[in-house]
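Work the whole structure out from these sequences, hints included.
Now for the letters of each chain:
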Amino acid sequence: MKLEDFELGGTHLKSSDFKQGKVLTTEWEPNLKYAWDNGVAIGRYLAELKAGRIIARICHKCDRIMLPPRMFCELCFRPTDEWMYVKDTGVINTFSIAKVNWDASRRGPKEPPLLPAVIEIDGASEGMGIMHMLGEVNPKDLKIGMKVKAVWKKPEDRTGSITDILYFKPVTAKRKTKTKAAPKAGGKR
Amino acid sequence: MIKRVAIVGIGTTGFRPVTPDVSFRELIFEAARKAYTDAGMEPSEIDGFITTAEDFMEGYSIADEYCPDQIGAVLKPTQTIPGDFIQGMATGYMMIMTGAYRTIAIEAHSKASNMKNISELMGFAQDPVYNRPLRETPHAVAGLEMTRYLFESAASSEQCAQVVVKNKMNAMRNPYAAFGAEITEGDVLASEPVSLPLHRLDIAPHADGAVVAVLADEDTANTLCETPIWIEGIGWSTDTPTLEMRDWGEAAYARLSAEMAYRMAGIENPAALIDFAEICDEYSYKELQHMEALKLCMPGEAAYMLESGATSYQGELPINISGGARGVGHLFEASGAHKILELVEQLRGHAGARQIPDVNVGLAQVWRGVPTATGAVAILSNM
Numbered sequence: 008m009k010l011e012d013f014e015l016g017g018t019h020l021k022s023s024d025f026k027q028g029k030v031l032t033t034e035w036e037p038n039l040k041y042a043w044d045n046g047v048a049i050g051r052y053l054a055e056l057k058a059g060r061i062i063a064r065i066c067h068k069c070d071r072i073m074l075p076p077r078m079f080c081e082l083c084f085r086p087t088d089e090w091m092y093v094k095d096t097g098v099i100n101t102f103s104i105a106k107v108n109w110d111a112s113r114r115g116p117k118e119p120p121l122l123p124a125v126i127e128i129d130g131a132s133e134g135m136g137i138m139h140m141l142g143e144v145n146p147k148d149l150k151i152g153m154k155v156k157a158v159w160k161k162p163e164d165r166t167g168s169i170t171d172i173l174y175f176k177p178v179t180a181k182r183k184t185k186t187k188a189a190p191k192a193g194g195k196r
Numbered sequence: 311m312i313k314r315v316a317i318v319g320i321g322t323t324g325f326r327p328v329t330p331d332v333s334f335r336e337l338i339f340e341a342a343r344k345a346y347t348d349a350g351m352e353p354s355e356i357d358g359f360i361t362t363a364e365d366f367m368e369g370y371s372i373a374d375e376y377c378p379d380q381i382g383a384v385l386k387p388t389q390t391i392p393g394d395f396i397q398g399m400a401t402g403y404m405m406i407m408t409g410a411y412r413t414i415a416i417e418a419h420s421k422a423s424n425m426k427n428i429s430e431l432m433g434f435a436q437d438p439v440y441n442r443p444l445r446e447t448p449h450a451v452a453g454l455e456m457t458r459y460l461f462e463s464a465a466s467s468e469q470c471a472q473v474v475v476k477n478k479m480n481a482m483r484n485p486y487a488a489f490g491a492e493i494t495e496g497d498v499l500a501s502e503p504v505s506l507p508l509h510r511l512d513i514a515p516h517a518d519g520a521v522v523a524v525l526a527d528e529d530t531a532n533t534l535c536e537t538p539i540w541i542e543g544i545g546w547s548t549d550t551p552t553l554e555m556r557d558w559g560e561a562a563y564a565r566l567s568a569e570m571a572y573r574m575a576g577i578e579n580p581a582a583l584i585d586f587a588e589i590c591d592e593y594s595y596k597e598l599q600h601m602e603a604l605k606l607c608m609p610g611e612a613a614y615m616l617e618s619g620a621t622s623y624q625g626e627l628p629i630n631i632s633g634g635a636r637g638v639g640h641l642f643e644a645s646g647a648h649k650i651l652e653l654v655e656q657l658r659g660h661a662g663a664r665q666i667p668d669v670n671v672g673l674a675q676v677w678r679g680v681p682t683a684t685g686a687v688a689i690l691s692n693m
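Residue numbers (the numbering used here), protein chains in the order written: chain E, 8 to 196; chain H, 311 to 693.
Keep in mind that the hints were calculated from the coordinates and are not lab data.
Below, simulated DMTMM-like cross-link-like pairs (lysine to aspartate or glutamate); rule was C-alpha separation at most 20 Å, straight line:
| id | chain 1 | residue 1 | chain 2 | residue 2 |
| --- | --- | --- | --- | --- |
| 1 | H | Lys426 | H | Glu364 |
| 2 | H | Lys386 | H | Asp357 |
| 3 | E | Lys94 | E | Asp171 |
| 4 | E | Lys154 | E | Glu127 |
| 5 | E | Lys40 | H | Glu364 |
| 6 | H | Lys313 | H | Glu536 |
| 7 | E | Lys40 | H | Asp365 |
| 8 | H | Lys344 | E | Asp88 |
| 9 | E | Lys40 | H | Glu430 |
| 10 | E | Lys106 | E | Glu118 |
| 11 | E | Lys106 | E | Asp148 |
| 12 | H | Lys605 | H | Glu560 |
| 13 | H | Lys313 | H | Asp529 |
| 14 | E | Lys160 | E | Asp171 |
| 15 | H | Lys426 | E | Glu36 |
| 16 | E | Lys68 | H | Glu352 |
| 17 | E | Lys94 | E | Glu133 |
| 18 | E | Lys156 | E | Glu143 |
| 19 | E | Lys68 | H | Glu355 |
| 20 | E | Lys94 | E | Asp129 |
| 21 | H | Lys426 | E | Asp44 |
| 22 | E | Lys154 | E | Glu143 |
| 23 | E | Lys117 | E | Asp148 |
| 24 | E | Lys68 | H | Asp379 |
| 25 | H | Lys605 | H | Glu462 |
| 26 | H | Lys605 | H | Glu578 |
| 27 | E | Lys150 | E | Glu133 |
The following label-pair restraints were derived from C-beta to C-beta distances:
| id | chain 1 | residue 1 | chain 2 | residue 2 | range |
| --- | --- | --- | --- | --- | --- |
| 28 | H | Tyr370 | E | Glu14 | 33 to 41 Å |
| 29 | E | Lys21 | H | Phe434 | 30 to 38 Å |
| 30 | E | Lys21 | H | Glu462 | 48 to 56 Å |
| 31 | H | Phe434 | E | Thr101 | 31 to 39 Å |
| 32 | H | Tyr370 | E | Tyr92 | 25 to 33 Å |
| 33 | E | Thr101 | H | Asn670 | 51 to 59 Å |
| 34 | E | Leu10 | H | Gly409 | 36 to 44 Å |
Chain E stretches covered by chain H per the calculated footprint, using a threshold of three residues with CB under 8 Å from any CB of chain H:
| id | stretch |
| --- | --- |
| 35 | 29 to 38 |
| 36 | 72 to 81 |
Glycine included, each C-beta is placed from N, C-alpha and C at the ideal position.
In structure tokens form, the structure reads like this:
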């Protein structure tokens, strides 16, 4: 048999055939719902965001202050030891200037770009922090290493979500922030 | 050349209807940490990792990307098998047999409680053109199969109800099981009809939980532990997904996966050689249908064997001493993991109040649930 003999055939289609509904397809809209248990670490993290604070978790074996917090250290592979509040300031590790939305639609000419960024939070171990959005900044001024601070929702509007922080904005050079040792949070796991 | 592969460590969280206190990561960490401690190892000493998960069950696309941290697999070779734990174990077995890996960890978990419309999710697994537009409950697929199985085997709904009574009673002795209860055949038959002949109590409820096991080659296993639990045979198979063409009476996937595992283990007469079995009873009739497919009895004899008490706790061939899916709960891709866990505990002599005396060879069999026709079998021994 020739390879062509294995082809199952079909009909050549024109775009008009689709427009006239001559080509049948099957549509289905899934209706799937999930409610993920946040658990100990993320549960506390979100509750603290609602209270306007950022909390991390310490592993005494490798001495990392982990943000977002986790109840186990993935490197030492043991339970982590302690909660610790960190600041709501940090530096930009990396950023992007997004001109399209979540659903891939293009943002209008008058809509400002979205500015996702990874922010290394002051008090957490190097390279750890929060993935969030930047605001009150001209995209042209963005730089890696830029100091930023959280802009929070009003307390009454917070729901215990990462969006309880609206965005991070640049800290002006004039306002000097002294780095004080972050206070340790109470409570056990 | 690698000759044998053994389970050298196993850990679990146990199984509960809901686990709102922990995230899936925290759940899995607990099972993994217990497994590695049981094996006397750190995850840094394990050569490769396999997780088992389905994106739609996790509620994440590319869910396998989220697996490394909680199993200690950071920056290590890891992969996800979209199938049951026993299928993942088969992959781990083969990886060790290549000689390229000495040790492999296998993980499976269920967070069924986080899926808020499981019926819709299971319906979404049906063929979108032929079957889904009919808008049948996914349990109807099992109802259809039960009707045909009862017709071919001459077993009765009452006998299927006895499977439920036995397994829920067995679960009373299993601290990992959440659905232990003393009920009667009448309770099952009087429970709400779902897709007849299936009643509500014929169907396993869902449960959450995680299991992690560590596999090792023969030399490593012998240095690591006194009682390695050897994988003597493993097999898996899939019948056609087409509901219109499937053999509804016989569980062909179970027969073929058992034949594969028996061939590998050199077992000619499974009924005589196997001391106990954990087999899929996600729907009551499945235990009977699977017993026949696994050749633990002759076709049509499973119900009589059940009635004679041969498959009970003190019978000749105890089946689902753990309580099975009726007693422990249906765990989706972790279903096989709970069965392997039971085999390991029994073969190590660590099964406490439900320990069967003098057992050397156990069989675990799993089915991936409606509407699938996929199953896997593993045969483990302590010799």
